[in-house]
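Peer 1: Now for the letters of each chain:
Protein chains: 2
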Amino acid sequence: MLIREATPGDWPAIWPFLHRIVAAGETYTWPRDVSEEQAREMWCLEPPGRTVVAVDDDGTVLGSAKMNPNHMGPASHISSASFMVAPEHAGRGVGRALGEYALNWARTEGYRAMQFNAVVETNTRAVALWRSLGFEVLGTLPEGFHHPVKGYVGLHIMHRRL
Amino acid sequence: MLIREATPGDWPAIWPFLHRIVAAGETYTWPRDVSEEQAREMWCLEPPGRTVVAVDDDGTVLGSAKMNPNHMGPASHISSASFMVAPEHAGRGVGRALGEYALNWARTEGYRAMQFNAVVETNTRAVALWRSLGFEVLGTLPEGFHHPVKGYVGLHIMHRRL
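In the order they appear, the protein sequences are chains H and X.
Residue 363 is where the first sequence starts when you use our numbering, and the numbers rise one by one after that.
Residue 363 is where the second sequence starts when you use our numbering, and the numbers rise one by one after that.
FYI, nobody ran anything at the bench for these hints, they're computed from the structure.
By construction, the Cβ of each residue, glycine as well, lies at the ideal position given by its N, Cα and C atoms.
Among the hints, erroneous ones may be present.
So the derived label-pair ranges between C-beta atoms look like this [said to hold, decoys possible]: (1) H:Glu-462 - X:Arg-458: 41 to 49 Å; (2) H:Glu-462 - X:Glu-408: 36 to 44 Å; (3) H:Glu-450 - X:Gly-455: 31 to 39 Å; (4) X:His-381 - H:Thr-369: 38 to 46 Å; (5) H:Gly-453 - X:Met-434: 34 to 42 Å; (6) H:Asp-418 - X:Trp-377: 22 to 30 Å; (7) X:Gly-421 - H:Glu-462: 52 to 60 Å.
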């Protein structure tokens, strides 16, 4: 698996799984009916942000991540990141590889910490993955997320020093 | 004191104290060297956001607040708000009046909670005010804010159900 900067040519491979994940409404605080154009603007970042893809040996896009400053000004030393793994490629370590990449990116860029603003507490695989990468739950917004099946569930704010 | 929707004509009265507060770098996670145009874009919101001013009997602008969704999609029932009180009018209850206004606005708009993403822990007056209005600290981002005098201090995430 290779992780490299996303190019405009990667978008047609990213959009189908990104769309499926967002439309499911179970893990992302994005409008479930997001348009392709809105999604591209929100996902494909210019510096100081960065968007990458994880690709297989044959060039198949397995997942994508974006990383960016979380705050501005006197809090601009805090980074954030978001991750999407194509459901058909789950369980292959793509999320972990993208997470490690994002942490290295943030360290290299001089950030002092990474903060995730909205990790749905019922997304237990993601929560466990971030914990295994050294993140802690700073706090949980009670009933912060309206899950289509489970109703109102908590939204974790997670944090890791770099 | 009257709180009313801000109009373009209020900006020349807002900018001096907003600029002074942001440039001080002690309480806001905005670039300290923010330009007037950037500041106006970030402060003066279109629906679904709202920007208001608190004015004296003689029309003097004492402070301003903006209120807006904090998240999108399945978390769009969470609101946020930001407040600026002209330092020369501090201690007159302007912040409290704007805070109560924002909570009422959010309730009326159908939000289920208000979340502040970044309250500097050394801004003890603000923290005490929000606590007195029913907010709790959900968590604190350690060393999340670089204070010009106190160095790295915590950033509270505060929350109140509506």
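Peer 1: Hint by hint, note whether the structure agrees.
Peer 2: To see whether the hints hold, each was checked on the structure:
1. Taking 41 to 49 Å as the suggested C-beta distance range, the pair Glu-462 (chain H) and Arg-458 (chain X) conforms, at roughly 46 Å.
2. Take Glu-462 (chain H) and Glu-408 (chain X): their Cβ atoms lie about 40 Å apart, and the range 36 to 44 Å holds.
3. The supplied range of 31 to 39 Å is broken by Glu-450 (chain H) and Gly-455 (chain X), whose beta-carbon atoms lie about 58 Å from each other.
4. Judged by the Cβ atoms, the range 38 to 46 Å given for His-381 (chain X) and Thr-369 (chain H) holds: they are separated by roughly 40 Å.
5. Between Gly-453 (chain H) and Met-434 (chain X) the CB atoms are about 28 Å apart, so this pair departs from the stated range of 34 to 42 Å.
6. The supplied range of 22 to 30 Å is broken by Asp-418 (chain H) and Trp-377 (chain X), whose beta-carbon atoms lie about 53 Å from each other.
7. In this structure the supplied range 52 to 60 Å holds for Gly-421 (chain X) paired with Glu-462 (chain H), their Cβ-Cβ distance being about 57 Å.
Violation of the numbered hints given earlier is confined to hints 3, 5 and 6; the remaining hints are satisfied by the structure.
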